[in-house]
Every structure is written in C-alpha cells, then in structure tokens.
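Peer 1: Residue numbers (this note's numbering), protein chains in the order written: chain U, 1 to 330; chain H, 331 to 464; chain V, 465 to 1001.
There may be inaccurate statements among the hints.
To be verified - Some chain V residues near chain U, calculated using beta-carbon distances under 8 Å:
| # | residue |
| --- | --- |
| 1 | LYS685 |
| 2 | GLY807 |
| 3 | PHE811 |
| 4 | LEU850 |
| 5 | ASP851 |
| 6 | GLU914 |
| 7 | GLN987 |
| 8 | LEU991 |
Said to hold, decoys possible - If you want the footprint, here are the derived chain V segments under chain U, 3+ residues with CB under 8 Å:
| # | segment |
| --- | --- |
| 9 | 599-613 |
| 10 | 712-726 |
| 11 | 824-832 |
| 12 | 963-972 |
Since the hints were made in silico from the structure, they are not lab data.
Backbone N, C-alpha and C define an ideal beta-carbon position, used for all residues, glycine too.
Each chain, letter by letter, is given below.
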Amino acid sequence: MKTLIPFFAVVILIVLALAGVNMANMQFLFGVAIPYAALATFILGVIYRVVKWGRSPVPFCIPTTCGQQKSLPWIKQDKIENPSSTGWVIVRMALEVLLFRSLFRNIKTELRDGPKLAYGSDKWLWLAGLAFHWSFLIILVRHFRFFSLGVPFPIRMIEGLDSFLQIGVPLFYMTDAVILAAVTYLFIRRMTIPTVKYISLPADYFPLFLILAIAASGVIMRYFAKVDIVSVKQLTMGLVSFSPVIPKGIGSIFYVHLFLISILFAYFPFSKLVHMAGVFMSPTRNMANDSRMVRHINPWNYPVHVHTYEEYENDFRAKMKAAGLPVEKE
Amino acid sequence: MYNAGKILIGLIIFFGLATFPFFYNMGKAIAKPEPKVDTPEIMKLAKQDRKCVESKEFMRAEHMQLLNEWRDSVVRSNTRVYVNAEGKKFDMSLQNTCMRCHSNKKKFCDECHNYMAVKPYCWDCHIAPKEKES
Amino acid sequence: MAKFSAKPDELAKIRYAPPETEWMETPVEFREHMFCHAAKPKDLETVEFPNAHEWSSKDEDWKLPANWEQTILQGMKDLLGKYRSFQLFMDICVRCGACADKCHFFIGSGDPKNMPVLRAELLRSVYRGNFTLAGKILRKLAGARELTVSVLKEWWYYFYQCTECRRCSVFCPYGIDTAEITMMGRELTNMIGLQLGWIGGPVANCYMKGNHLGLEPHTIKSSIEFFLDDIESITGIKIEPTFNRKGAEILFVTPSGDLFANPGTYTAMGYLMLFHELGLDYTWSTYASEGGNFGFFTSNEMAKRLNSKIYAEAKRLGVKWVLGGECGHMWRVINQYMDTWNGPADFMEVPKSPITGTVFDNAKSTKMVHIAEFTADLIKHNKLKLDPRRNDHLKVTFHDSCNTSRGMGLLEEPRYVIKSVCSHFYEMPENTIREKTFCCGSGTGLNASENMELRMRGGFPRANAVKYVHERHGVNMLANVCAIDRATLSASMDYWVPGVGVAGVHELVGNALIMKGEKERTQDLRLEPLPGKEGSE
Chain U
1 MKTLIPFFAV
11 VILIVLALAG
21 VNMANMQFLF
31 GVAIPYAALA
41 TFILGVIYRV
51 VKWGRSPVPF
61 CIPTTCGQQK
71 SLPWIKQDKI
81 ENPSSTGWVI
91 VRMALEVLLF
101 RSLFRNIKTE
111 LRDGPKLAYG
121 SDKWLWLAGL
131 AFHWSFLIIL
141 VRHFRFFSLG
151 VPFPIRMIEG
161 LDSFLQIGVP
171 LFYMTDAVIL
181 AAVTYLFIRR
191 MTIPTVKYIS
201 LPADYFPLFL
211 ILAIAASGVI
221 MRYFAKVDIV
231 SVKQLTMGLV
241 SFSPVIPKGI
251 GSIFYVHLFL
261 ISILFAYFPF
271 SKLVHMAGVF
281 MSPTRNMAND
291 SRMVRHINPW
301 NYPVHVHTYE
311 EYENDFRAKM
321 KAAGLPVEKE
Chain H
331 MYNAGKILIG
341 LIIFFGLATF
351 PFFYNMGKAI
361 AKPEPKVDTP
371 EIMKLAKQDR
381 KCVESKEFMR
391 AEHMQLLNEW
401 RDSVVRSNTR
411 VYVNAEGKKF
421 DMSLQNTCMR
431 CHSNKKKFCD
441 ECHNYMAVKP
451 YCWDCHIAPK
461 EKES
Chain V
465 MAKFSAKPDE
475 LAKIRYAPPE
485 TEWMETPVEF
495 REHMFCHAAK
505 PKDLETVEFP
515 NAHEWSSKDE
525 DWKLPANWEQ
535 TILQGMKDLL
545 GKYRSFQLFM
555 DICVRCGACA
565 DKCHFFIGSG
575 DPKNMPVLRA
585 ELLRSVYRGN
595 FTLAGKILRK
605 LAGARELTVS
615 VLKEWWYYFY
625 QCTECRRCSV
635 FCPYGIDTAE
645 ITMMGRELTN
655 MIGLQLGWIG
665 GPVANCYMKG
675 NHLGLEPHTI
685 KSSIEFFLDD
695 IESITGIKIE
705 PTFNRKGAEI
715 LFVTPSGDLF
725 ANPGTYTAMG
735 YLMLFHELGL
745 DYTWSTYASE
755 GGNFGFFTSN
765 EMAKRLNSKI
775 YAEAKRLGVK
785 WVLGGECGHM
795 WRVINQYMDT
805 WNGPADFMEV
815 PKSPITGTVF
825 DNAKSTKMVH
835 IAEFTADLIK
845 HNKLKLDPRR
855 NDHLKVTFHD
865 SCNTSRGMGL
875 LEEPRYVIKS
885 VCSHFYEMPE
895 NTIREKTFCC
905 GSGTGLNASE
915 NMELRMRGGF
925 PRANAVKYVH
935 ERHGVNMLAN
945 VCAIDRATLS
955 ASMDYWVPGV
965 GVAGVHELVG
975 NALIMKGEKE
985 RTQDLRLEPL
995 PGKEGSE
C-alpha cells in the first residue's frame, strides 16, 4: 500500500494530462495556467516555509562538533568539522550542501559471531544521492535553453559537457542515464533494506515515482517519441515573456512532462523536498562552536525561579557552622 | 537569535534564481523562427513536386536521425542509396541532396538551430555552402 | 520484579529485522528491565513541576490530567515557536535511513523504534496530524496520526530510551539531532507530570541541596576529608582544601558523583592532589556542588534553574574564574547553554592559568575551563613531575564522552594527558571513538537499576569496542572524562568485558603525580599495590 498508492497517484496524474490534452483540448490549462500556478506556489511556498522556520529563533548555540575544538594553541583545531569562525562555517556548509559531507561518513554496522560488532564503509547512499542531486541540477540548468534566446555561454558549456560523448542524435546526455539509474537505486534501496522499508512513508515513494516519470517522459520525448521542439520553445518562451501562446501540434507527451513538473514544483514546499532550503538552516551545522568565546543570545531567555544561596544557607546554617564551613549570617 | 539578515539574503537569492528566466528575457524581442523554403532550386519545381525525401512532419522531428543514419551508411558500409517511404530513391548526401534544394543554410538550418541553441556537428566536416549576405 | 539475569550471550542475540506490522500499528510493549520507575510526586512538587501525581508505567491507567492532549499540543506549539531546531527537524527529514544503525540502543536492541529516524517519527506523526495542512487532509497517507494514550506511552518508552548522545546527528545529511527531538519529547511528558524517578529525585536534590545525591554541606566536607585520609596514607601528605571560601581565585565545580562512589572518588582524589601540588588558590562550593545538570534531562527551564548556581556562587565568592571537573553532559551545558542562560559572566576575568600564565581565550566569555584543558597546559609547560611507570599495571584505552566530543570537541586534551601519565595507551577502533564515539548506554538519567537490560543493551557497542582492545592488547582500564561513565561503565564492563576497570583521567594523573615531600608510594589511589611494590605492605 505504501508504494502502490503513490505509484497510482503518479499514473493518475499522467492519465489526467493525456486526457486533458487529447480529449478535452485543455492545452491552455496544462501548458499555461497550471505551470504558472505551480511556479507561484513553489516560490511563495518555499518563502513561506523559510520564513516560518525563521520566525522560530535559535535559542542556543548547538553545533554538532565532529572534530577537535579550538582550545590550546598547540592543539590542532579541526576547523572544518568544528569551526569557530564564520568563514570556516561557510566551508563546512559548502561541503555539506555540495558534497554531502555528513553522508560521506556513513558506515554500516554489522553484528557478527563473538559477538563482534563490525563497522564497514558504506558509501552507496552517498554516491547515489550525490549522483541524483547533481544530475537533477544539471538537467534543470540545461533546460534553460528553452527559456532564453541567445543561450548564455555557461549553460551551453554545461550542455556540451553533458553530451560530450557524442552518442547518437540528438546527442545523448549522460545525466539522463545517471538520474534514471540513481532514482531507481534509491527506490530499490527503499524497497529492499528492511529497516529503510519499515520507516518509509507514501510521501517517500511519491517523489521518487514522480521524478522517475518526469525523467522518463523527458527521455522519451528527446530520443524516441519526438515532439516539435520549435513549437515547444515557442510555448516556453511565451511563458517567460508573459505572452503565453499554445502552438498547434505539440505531442501530448510534452504536456505530460510539463504537468508532472508542475506537480513537483507545487508539491515541493509542502513535503520533505523542502530539505533543499532547510539544509541551510540546520543549527547543528551552520553555527560556529564559539559559545565559550562569545555569548549566544536567546531572545526568550526569561527569568526563572532559583534556589538562592541565602535560602540554602537558611536550610543548613546550623550544620554548616558545626562543620566549620563559613556562613554569611551568624 | 534569528539571523533575519542571512535568511533574507538567502530568500532574495532563491527568488532571483527561481525567476531568472523571466528577468533574463525581459524586453527582448522574441521572434519565432521561420525557416525559408523559397530557394531558386525549390521555386523551379512544380508545386506538387516540392517534396523533401520524407514528409514534412517526419523531417521536422527526425531529420537529425536520418542524417546520422545516412552518414553511417555511407561512411561505414558504402551504401549510398536511400529508399524513402514511397519507394523513391535518393543519393545519401548532405551536400548533393539536401543542400541542393536547401541552399540557404542561414535561413533554413540556422534559423531553428539558433533558436533552439543547438549546434549540430554537421559542419565540423562538411563545408557550409557559400551564401550571399542578404 | 525478578532480577535482571539474562546472560551476555543471550542478550547479544539481536534480531534487526523489523516486525511484520507497520510501526504505527505496533503498540508499545513495556518490557521488564527496559524502563524506569516513575518519579515521586513530592520530588516534582519540590521544583514546582505541574501535574505531579502517583502513577506507574506498568498500569493501564496513567491517571493523566484532564485535557492532557490539549496541554501537549499547546506545549508542542510553544516549543515549535521557541526552537528552530524543532520546527526544522519536524519538516525536513527525508527518511534516508543513514542514522538507523548509528544508535547504540538500536544496535543493542534491534527495536526499530530505536532507530533515530523512527524515534523522531513518533513525534513527527503527531506534528503532521496537528500542525501541517497535508497531514490534516491526507492523514495516514501523509504519515500523520492522532495523539492518543497509546502514542503517549510510546513517547514515554522511547524518549527515555535515548541518551541524547548526538551520534545520529553526525551522520545525518541535514544534521538532524535526535537529542533535540528527545529533549522536546521529554519537555512534553514533563508538562503532564510524567517523569523518571531517577531524574525527578536528583533534580529535587540538586535544587534544594546543590547536588544530585542530596549531600548536605557537612557531608560534602566529610566525604572529602575521607579522601584526604586516603591520600595521606598513600603519599604521607596532608592536604587541606577550602570550602565556600570568599576571595579564592578559582571556583572548582565537578559532578557530585565523584564525591560518593567508586571509581569516581579516585578521580576526586586526583583533583585534590593536583591542586595541592600546584598550590592553587581555589575553593570547593557546597552550594554549587554539582557540575552535572539533571535538569537538562527534563526541561530547559529546570536546567537553567539548576545551572544558575554556578555563576551565582562564583559571584558571591568573588572568584576570577571557574574550573570544571570531568563530566560529559555538564560540559555540553557549559559549552552550549550556560552563558546563554545565566550569563554574562562579566563579574569574572578571562581565565588565566596562575601556573603557566596561559590565557584561555576559548573560554573568554563563559570564564569556565575544562580540567583536561588546564592539565594538558600544565603538562605541556613541564609544570608537573610525573612518573608514568606508576600506571604500568594499566593498559589504558580512552572512551570519548558523547557530549564532550559532539557538543564541544574535547578530543586531544584528555588523550594528551593520558599519554603523559600512562605508558600503555591503545585506541579503540576508529568508528567507535572521537566524534563517532558510543554512549555508555545509561546517560540522561537512565542509570537506574530497574532498567538494567536497557542499559546493558545500550552499552553493548561501547563495551564491544573495549572487548576488541581488551583481547588484542590486553587493555584493562577504560579511562574517561565523565562521571556518568564512571558510574555506569563499571556495570557494563563487568557484564560484557569482565576484567576491565573504569577510571577518570585525573585518577591516572594522581597516580603518576610526583608530589613535593611525598613518601615512597607503594599503593595507587585505589590502595592497591603499585607495580613492583606488591608485597611491600
């Protein structure tokens, strides 16, 4: 059930787009209205989410320190894993966001006879995660050619690198294969590792199926069931110039592709996918371990009821005096 | 501690990236490509003979595939004859078959390729036809 | 209740395969020896905790206060607004499972709800159901559920099966820290009067008497005097420390466990000897007589209330700075919380070692220095005469405490001290030390006796790593810088790796320290013969 419901949800979305375009001629709805609405939802939703996080303060300085602190001058500080300055926090965050540093540490625990616990390096999740995210990013960036005239050089360069193997025509993009493989791996992993399967929710499978369907429809459109790409660009350019047009004769698979992307964008802020924004705000990673050097301020640090020394001495004065301990009041 | 300043900067960057295509194209004239098929060679033909090797729809979507197959066929197996869906035979040649009619590379090929930001590597080997600047 | 009697071999047969039923459909089962008794109402009342009542987790009816659901949901809402960590960690987990086999309780029990991700999902499911649109509409499909008595019981069981060690947080790609989740979970149970006896009692003691054992001022003095007698018989030197003395340069605060039970007491003897040898101008306090902070295992407010005593006492006595003893979570609190709660400590000076002149710039705001930093600095400057041969009967390994490694980064200082005072030092396997260190299995107030199976299961990964060096190098002493470690690892070693003792780093320092005017030592601080001195009694 946990996998079937999200699977059929994606199937229904595909059928919806096909039916809407082929039977009801709702090209404008699927080609213009929904994409605009989805993008607006995405942008406003992410801003809403970030602002909501931002409204809760970080009351304490709680970095997870993963290396030697800054202490005595002759002890070498691990500036990346235990930064004490903003500059090194940025380095730590960059490694985290760009290379998934923490996931790279992943180890696998195994109980063997003895009993003996063994820990082995386990980088597959890291590798698949990195491959997936980077290929997603590259694919997103090279789609910019549909949204600009006179495509800027960096984008052409990324595209050139992605297709430099010069396999087939249209040129085969490596990221197309990588993203399909990586998403498939992430799905199989979720299904086959018992503990991971146990923790998985429908909300974990849905984005996997959705992204798989988006990538697959894109691949089909590029290599197999080609659509009139010039018309597609007329449509996309119409969108970015706020003068939407629906050119005739674009294959319905394009509308499926676009609809699924719209769903992904609209779904993004209200799902676990917001980790894209959240990772930047994680207090265990984005703070310097400097709380003994600089006082961290908690905005809601209210006064509390304490047991004062005076009350303490009142409780024990006689015993303290008998034991020869100094007291404030005789 | 709220870090409001840093969050705001982050949100501005996010908004900028997410809406970049809108800003990038602002104020630019967006003309749709109109490839010309009015070369003298084509005009010479009778109206009913003005047909490419395959249908217009097929050529629009698959011309790159077709050219690729032609190249492989000629270069690797020395087979130079293409038989189209109607059984008509053509010489597999970019320069002698395609470009004979479509002698206007700039107005025909480049029009769409530039629009789509596609850079086919045909002209890495083939010499582009000399055209008069028009 | 039958005494816990499972053999290590039986306990180590761990099944990691999750049950057939989905976790939301698998109600919690309270297994004997896996949970702690409830707190006594009078202890909760002492510190003005709400809804104190008589109850037992074994009963069907927990006598929950009326409207307890509203109390919890309102409490959750407040906490979400107060802690970005909580709000964020509720939203961004992708359930990748990287944390799953990193938790010592999961490794030791195989219970899937001890996977950090699932522990957090216990809370997240209720969060989704009550605070997110998707959860309200899609319900179970979005992983949401109602807050019911059964869910609450699950919270109780599993938030008190987490020691807030942060090991999962090291591996999480978003740094999600289950310690934060558990703290919130515990705040919530406290709101409706649910608390552990082993936390509630110590908290009340800390509040009223200044330390978790409830030692009254004269008892503290007499405990220490008892150590002084032992020190005199070992070294021939009579030490006269001071208590609550105004005008001392340094206030010394250490966990009170070291004043009470072996082997912590030997660590306390080490401190006394070191400070005497240095001629340090310092004082003990009977009011701020607890470095550890049991309030930290209940609520933020309680932790702050207990912690306030350290600065208050420093101010009253007019000391220049504070020196802190060996303790784990005490140092998480001092490093990451104390100054924020009860600072600024602007009535003191930036700590400066009176012996070496070293200025501890890393503590320039809190004004509190870790004893391992202090001693490492002394040794580096050759201020101590040490004879490591006196520890030659010991083959030592070092257990990094969760909090000092992952909430501070105190890794090299204690190692430097140990290597200076011991000849035989061996590290445990790389994936079980430093930032990847394992918890002793009994932190955050879980070191009771009725939950011994839980403790032994939680202590299994650490003990197993000790076993490795025990078998390979003959290691027989597990050094550490934490009072809870000293109190709990002894039990864990006896169970899993018999033959390995537990010692604070400053016990080893005390053994090696050559004091001015001392007689020829024949015994170590445990009054056992020194190597080569057997039979000289």
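Peer 1: For each hint, tell me whether it holds in the structure or not.
Peer 2: Going through the hints against the structure:
For the restraint placing LYS685 (chain V) at the interface with chain U, the shortest Cβ-Cβ distance is roughly 5 Å, inside the 8 Å limit, so the hint holds. With a least beta-carbon distance of about 5 Å to chain U, the hint placing GLY807 (chain V) at the interface is held under the 8 Å criterion. The restraint placing PHE811 (chain V) at the interface with chain U is violated, with a minimum CB-CB distance near 14 Å, outside the 8 Å limit. About 18 Å separates the beta-carbon of LEU850 (chain V) from the nearest beta-carbon of chain U, more than 8 Å, and the hint is not met.
Evaluation of the ASP851 (chain V) hint against chain U yields a violated restraint, the C-beta minimum of about 23 Å exceeding 8 Å. A distance limit of 8 Å between C-beta atoms decides the matter here; for GLU914 (chain V) the minimum to chain U is near 25 Å, and the interface restraint is violated. For GLN987 (chain V), the interface hint is violated, the least distance from its beta-carbon to any beta-carbon of chain U being 29 Å, above 8 Å. Taking 8 Å as the C-beta contact cut-off toward chain U, the hint placing LEU991 (chain V) at the interface is violated, the least distance being around 26 Å.
Here's how the segment 599-613 of chain V fares: 3 of its residues keep a CB closer than 8 Å to some CB of chain U, so the rule of at least three is met and the hint holds. With a threshold of 8 Å between beta carbons, the proposed coverage of the segment 712-726 of chain V by chain U is violated, since 0 of its residues qualify and at least three are required. Closer than 8 Å: that is the beta-carbon criterion, and the segment 824-832 of chain V has 8 residues meeting it against chain U, so the requirement of 3 holds. By the rule of at least three residues with a Cβ nearer than 8 Å to a Cβ of chain U, the coverage given for the segment 963-972 of chain V is violated, with 0 such residues.
In the structure shown, a violation is registered for the earlier hints numbered 3, 4, 5, 6, 7, 8, 10 and 12, in ascending order.
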